[in-house]
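Residue numbers (our numbering), protein chains in the order written: chain H, 1 to 292; chain D, 1 to 289; chain G, 1 to 308.
One should not assume that every hint holds.
To be clear about the criterion: a stretch of chain D counts as covered by chain H if any three or more of its residues have a C-beta under 8 Å from a C-beta of chain H, and this derived list gives those stretches [unchecked claim]:
1) 134-144
2) 160-170
3) 234-241
Since the hints were derived computationally from the structure, they do not count as laboratory data.
All C-beta atoms, glycine included, are put in the ideal place defined by N, C-alpha and C.
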Amino acid sequence: MIVKTDPMASTGEPLLADGTSVGDPDTVLRVTDVTVSLGGRRVLDRVSFSVGAGGFCGLIGSNGAGKTTLLRVILGLIAPSSGRIEVAGGTRSRRNPQIGYVPQKIALDADMPLRARDLVGLGLDGHRFGLSRPTATRRIAVDEILDAVGATEFAEARVGNLSGGEQQRVMIAQALISRPKLLLLDEPLANLDIRSAAEVVELLAGIAAEQRIAILLSAHDMNPLLPVMDRVVYLADGRAVSGTTDQVVRTDTLSRLYGHHVEVIHVQGRVLVVSGAEHQAHHDTDPSPRGP
Amino acid sequence: MFASFMINAWEAATVVAIVAGVVGFFTVLRGAAFAAHALPNGAFAGAAGAFLIGANAIVGLGVFSLAGAGMIAGLGRRARSDVATALTIVLMLALGDLFLSRTSEYAPEIFALLFGEVLGVSTSKLVPTVAIAAVCIVAVAVLYRPLMLSSVSPDVAEARGINPRVMDLAFLVVVALVTTMAVPVVGSLLIFSLLIGPAGAARSFTNRPPVAMGLSVLFALITVWVAIAVSYETNLPIGFFVGAISAFGYTVGRAWTAWRGRRPHGARDRATLADLAHQGTPNAAAESG
Amino acid sequence: MLGAASWSPLFEPGFFSSEPVHVALAVGAIAAVVSGVVGVFTVIRGQSFAGHALSDIGTAGGSAAFLVGASTLYGFVAFNVVAAAVMELIGIRKPRGRDLATGIVLGASLGLAALFLYEGTISSSTTGATVNVLFGSIFTLPPGITTVMAALGVASVALIAVLYRPLLLSSVSYELAAARGVPVRLVGAGYLLALALAVSMSAVTIGAILSTALLIGPAAIALRLATRTGVAVFLAAGVGVFACWAGTLIAYDSTVWAGGNGWPVSFCIVAVIFILYFASGVVARLRADRRRATTGDQPATISPVEVA
């Protein structure tokens, strides 16, 4: 298998002469050669990948690898120095209703007088001025999405009193209520216990399949995602490798990405990425290293 | 107590309480108690400055409170918000000190603005008071949704195109307007307590935002009415009663919350530190934190 | 020693020989050092409101003491310590809720202050009491106050020194400190006590405005310039002392060229602090730019690969 460095190859489509691909009508998010420099440091370096409708893509990397920055670029909050972001056919804009977003920091005070359903309702029209009219349509929309994420049981509860997993569900409902095509989640599993994390992953996988929503979820541990992920974008120091789990999570691929030897170990269905001896891997001056 | 000169006091205090309840809801939600103290206190320097140049004290209040709002928002871009607020109030009070030192005339009414013994307004002053109050309430109504979203989910709001800095400034401007209309009527101590006490108590008794705002207004009205009545009877300063009632209401609210228990529907406990020990973290790329 | 010829444009005659000036410089320096040390932690912990509130809360204690004829300072300290204890007992950790609790305590205290002052004016009609309690006056301090001040200051700084490492850890990360076995609530209470003492000491002698200004200003400046907390503490103290002395000098000089009583000391010191704050912002930005220029835009060492 020849490893191409051409970003468009990720979709498997042949390239046209001007460099564009035929385009997969199912592609919801296409990131092309995105580079971001902040404060003299190249935070993201020519990152390219795409996610299709109903796809579940894990954005894996440790803290500081550039995951949040990449998500913010897709949201239109950071302008890349070069490269392109395309969402559901158009170029991204700041107020793109096609993108739902679940941020990393959820600072929901237990003192806030806000029910779960109120928070979800804000996802529908919270960006518009004025007061919401409590119509039946609105209430039904909120009820439906709460049901879809399994949050009906605590819809009336104070949102700050909910457990981490429950709050996560409510935030997902808030992001989904505007019926986006793409759902971005920034480290949603980081503060959850193992059982809650598994439940959230299962919920998201179900949503991706049923609603044909593309999901891009960042995490520093890919193990909870292994059962459901069909694509991986692995970030290290701003550089990215993307493909299926089997293609990316391999000793040779990741060692090339990190620039030194790392060992990918499979233990009882889990994956461990371990730093080997810190000897310098041979530098490939050839930009297209031969694959397996 | 209901003599004609007092009627204006009742009306003015009622208007102030309504506005304080409405704006106080967001003040407490956003954790802006410090700003609610800084702007009324600092605005007094504007009144002193106006007095110095012979201008209308109310105009001085308005200019200084708006400038203060801008300064808190501006400094808050590069510094933490509480540091920005501290620096702002310090500068405003220092300027007030400077203005007062420039004149040898003593103006007790300037100090009354601080401690809030100015109750009772003439009918002519009631109109602009009510007018600014109406502007404040309309502003809150217009800003309601984006302000709610940016207060509870700032990152989501940002992703939806709402600039959190702009929302912050807008909110502070509303507080500055409240300051301008309320300080001449009830003084800066009272408006501060009215902004945070009733709303702080209200949120213990309901989970719905509109109800919380309504309760906030109700508690603010009860606070001023009781304070005026008792103050009239005992001849003791109103500020004392407002502060005491606010503290009482807040304490009752917290006691009620604690007694009712915080997880009525039996949610699971939050993840403990032990649960945060994940496996599979690549230690090749060390946690840079 | 003080070359009269070269220094004279800056220092108006009599500056160095004036007794009130000596007291002012000494008192200001002590307050600045203590406030700077405590202030660094105040800024790190995000408790600027508590630091400011305590200067007003103490006013209620000062007014009460004034009413019964006791020492204003002791009334101030007692009230502040009680208030700090209440704040700690309410024990809210999230900043929004904590600031609300601080505000409620402040509102109640100001109400009490209004009551005491009212009683005070009834009994002795000293309307200037408000000014003194609120603003203080660095040039009209009673003699002998320096020793009490120094004692309070030493106590406050000593407390911080004893608690230094656990305080720093719990200020930066509460959960991590708790996990490591740090008695976080005890440490927090100790910090609040140090804050209460420091603010009492500074507010009574140099006034509430300067108390907050010296607590937050120099610390904010220091934290912009220094990366290590230890350095920031020394820097904050140094900046505070400089601001105090420079401000005192300007205020003294202003009696000549500003007419009347000159500019108030509090304004002059605050002005110096603000100038330094903006200057520190410029310095911080220049440093960031210089760092960007020297390191440059680092390209990746390997080209990105994509697996087909």
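* Asked: Honestly, which of those hints from before does the structure not fit?
  -> 3
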